[in-house]
Amino acid sequence: MISWQKDGEDVHEDVEFRETLPNQDGSFQTRSILKVSAEELQKHTYTCVIEHSSLEKEMLVDLKGGGSDGGSDGGLIGIIVGIIVALVVLVAVVAGIVVWKKKNSGFKPVPPKPSSEGDSSSNNS
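Residue numbers (the UniProt record's numbering): 1 to 125.
Among the hints, erroneous ones may be present.
[Unchecked claim] Straight line, CA to CA, 20 Å or less: simulated PhoX-like cross-link-like pairs of lysine-lysine:
| id | residue 1 | residue 2 |
| --- | --- | --- |
| 1 | 43 | 6 |
| 2 | 103 | 64 |
| 3 | 35 | 57 |
| 4 | 6 | 64 |
| 5 | 43 | 64 |
These are computed hints drawn from the structure, not numbers from a lab. Since we're looking at a predicted model, the values are computed, not measured.
Please construct the entire structure, taking both the sequences and the accompanying hints into account.
The structure is reproduced here in C-alpha coordinates:
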(Lines of atoms letter the chains of each structure in order from A and count residues from 1; the text may use other names and numbers.)
(Lines give C-alpha, C1' and ligand atoms only; values in the text may rest on other atoms or scores of the structure.)
Protein backbone atom coordinates (compact mmCIF):
# COMPACT_ATOMS: atom_id res chain seq x y z
CA MET A 1 0.00 0.00 0.00
CA ILE A 2 1.19 3.53 -0.79
CA SER A 3 0.05 6.54 1.21
CA TRP A 4 1.14 10.14 1.71
CA GLN A 5 1.78 12.28 4.76
CA LYS A 6 2.01 16.05 5.14
CA ASP A 7 3.99 17.03 8.25
CA GLY A 8 3.30 13.57 9.70
CA GLU A 9 -0.48 13.63 9.06
CA ASP A 10 -2.13 11.36 6.46
CA VAL A 11 -3.17 13.07 3.21
CA HIS A 12 -6.08 11.78 1.13
CA GLU A 13 -6.89 14.78 -1.08
CA ASP A 14 -5.10 15.37 -4.40
CA VAL A 15 -3.77 11.79 -4.42
CA GLU A 16 -4.02 9.84 -7.66
CA PHE A 17 -3.56 6.06 -7.72
CA ARG A 18 -2.58 4.37 -10.97
CA GLU A 19 -3.33 0.79 -11.91
CA THR A 20 -0.95 -1.99 -10.94
CA LEU A 21 1.21 -3.01 -13.89
CA PRO A 22 3.34 -6.13 -14.45
CA ASN A 23 7.12 -5.91 -14.87
CA GLN A 24 9.08 -8.16 -17.23
CA ASP A 25 10.64 -10.07 -14.32
CA GLY A 26 7.28 -11.25 -12.96
CA SER A 27 7.00 -8.58 -10.28
CA PHE A 28 4.50 -5.72 -10.32
CA GLN A 29 4.55 -1.96 -9.92
CA THR A 30 2.01 0.61 -8.83
CA ARG A 31 2.04 4.41 -8.72
CA SER A 32 0.60 6.96 -6.40
CA ILE A 33 0.85 10.62 -7.36
CA LEU A 34 0.43 13.47 -4.90
CA LYS A 35 -0.37 16.80 -6.54
CA VAL A 36 1.15 19.66 -4.54
CA SER A 37 2.00 23.23 -5.50
CA ALA A 38 5.64 24.30 -5.38
CA GLU A 39 4.83 26.73 -2.56
CA GLU A 40 3.23 24.00 -0.43
CA LEU A 41 6.16 21.68 -1.11
CA GLN A 42 8.56 24.34 0.17
CA LYS A 43 6.49 25.05 3.31
CA HIS A 44 5.73 21.48 4.43
CA THR A 45 7.38 18.09 4.70
CA TYR A 46 5.75 15.44 2.50
CA THR A 47 6.46 11.75 2.98
CA CYS A 48 5.57 8.76 0.82
CA VAL A 49 4.76 5.76 3.03
CA ILE A 50 5.17 2.31 1.44
CA GLU A 51 3.88 -0.84 3.14
CA HIS A 52 4.51 -4.24 1.56
CA SER A 53 4.73 -7.82 2.76
CA SER A 54 8.33 -8.03 1.51
CA LEU A 55 9.38 -5.19 3.85
CA GLU A 56 10.08 -5.75 7.55
CA LYS A 57 8.74 -2.28 8.33
CA GLU A 58 7.16 0.50 6.29
CA MET A 59 9.45 2.45 3.99
CA LEU A 60 9.38 6.25 4.32
CA VAL A 61 10.57 8.49 1.48
CA ASP A 62 10.72 12.23 2.23
CA LEU A 63 10.27 14.67 -0.62
CA LYS A 64 12.54 17.68 -0.73
CA GLY A 65 11.50 21.11 -2.02
CA GLY A 66 11.25 21.06 -5.82
CA GLY A 67 9.85 17.53 -5.72
CA SER A 68 10.25 14.81 -8.25
CA ASP A 69 7.86 16.32 -10.79
CA GLY A 70 10.08 18.64 -12.82
CA GLY A 71 11.83 20.29 -9.86
CA SER A 72 15.61 20.21 -10.04
CA ASP A 73 15.54 17.81 -13.00
CA GLY A 74 13.50 20.34 -14.96
CA GLY A 75 16.18 22.98 -14.37
CA LEU A 76 18.92 20.64 -15.55
CA ILE A 77 16.98 19.74 -18.69
CA GLY A 78 16.47 23.45 -19.39
CA ILE A 79 20.20 24.08 -19.12
CA ILE A 80 21.02 21.17 -21.45
CA VAL A 81 18.45 22.31 -24.04
CA GLY A 82 19.81 25.87 -23.81
CA ILE A 83 23.37 24.69 -24.45
CA ILE A 84 22.29 22.58 -27.44
CA VAL A 85 20.34 25.50 -28.96
CA ALA A 86 23.33 27.81 -28.43
CA LEU A 87 25.65 25.33 -30.18
CA VAL A 88 23.29 24.96 -33.15
CA VAL A 89 23.04 28.76 -33.49
CA LEU A 90 26.84 29.08 -33.24
CA VAL A 91 27.39 26.47 -35.99
CA ALA A 92 24.81 28.22 -38.22
CA VAL A 93 26.50 31.61 -37.71
CA VAL A 94 29.98 30.23 -38.46
CA ALA A 95 28.70 28.45 -41.59
CA GLY A 96 26.97 31.65 -42.72
CA ILE A 97 30.16 33.68 -42.26
CA VAL A 98 32.22 31.13 -44.23
CA VAL A 99 29.71 31.15 -47.11
CA TRP A 100 29.49 34.96 -47.08
CA LYS A 101 33.30 35.32 -47.13
CA LYS A 102 33.63 32.93 -50.07
CA LYS A 103 30.99 34.80 -52.07
CA ASN A 104 32.44 38.25 -51.29
CA SER A 105 36.16 37.48 -51.41
CA GLY A 106 36.51 38.57 -55.04
CA PHE A 107 37.87 35.15 -55.89
CA LYS A 108 36.72 33.93 -59.25
CA PRO A 109 37.92 30.66 -60.66
CA VAL A 110 40.15 31.04 -63.73
CA PRO A 111 38.61 29.40 -66.79
CA PRO A 112 40.68 26.56 -68.21
CA LYS A 113 43.16 27.54 -70.91
CA PRO A 114 41.83 26.54 -74.31
CA SER A 115 43.99 23.88 -75.89
CA SER A 116 45.60 24.80 -79.18
CA GLU A 117 46.35 22.34 -81.94
CA GLY A 118 49.99 23.29 -81.95
CA ASP A 119 50.38 22.49 -78.27
CA SER A 120 53.19 19.96 -77.69
CA SER A 121 51.25 18.14 -75.01
CA SER A 122 48.47 17.25 -77.43
CA ASN A 123 50.60 15.89 -80.31
CA ASN A 124 49.64 12.39 -81.32
CA SER A 125 52.65 11.67 -83.50
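Okay, the hints, checked on the actual structure:
1. With a CA separation close to 10 Å, the supplied pair residue 43 and residue 6 stays within the 20 Å bound.
2. With a C-alpha separation of about 57 Å, the suggested pairing of residue 103 with residue 64 is violated against the 20 Å cut-off.
3. For the given pair, residue 35 sits about 26 Å from residue 57 by alpha-carbon distance, which is inconsistent with the 20 Å threshold.
4. With a C-alpha separation of about 12 Å, the suggested pairing of residue 6 with residue 64 holds against the 20 Å cut-off.
5. For the hint pairing residue 43 with residue 64, the CA-to-CA distance comes to about 10 Å; that is within 20 Å, so the pair holds.
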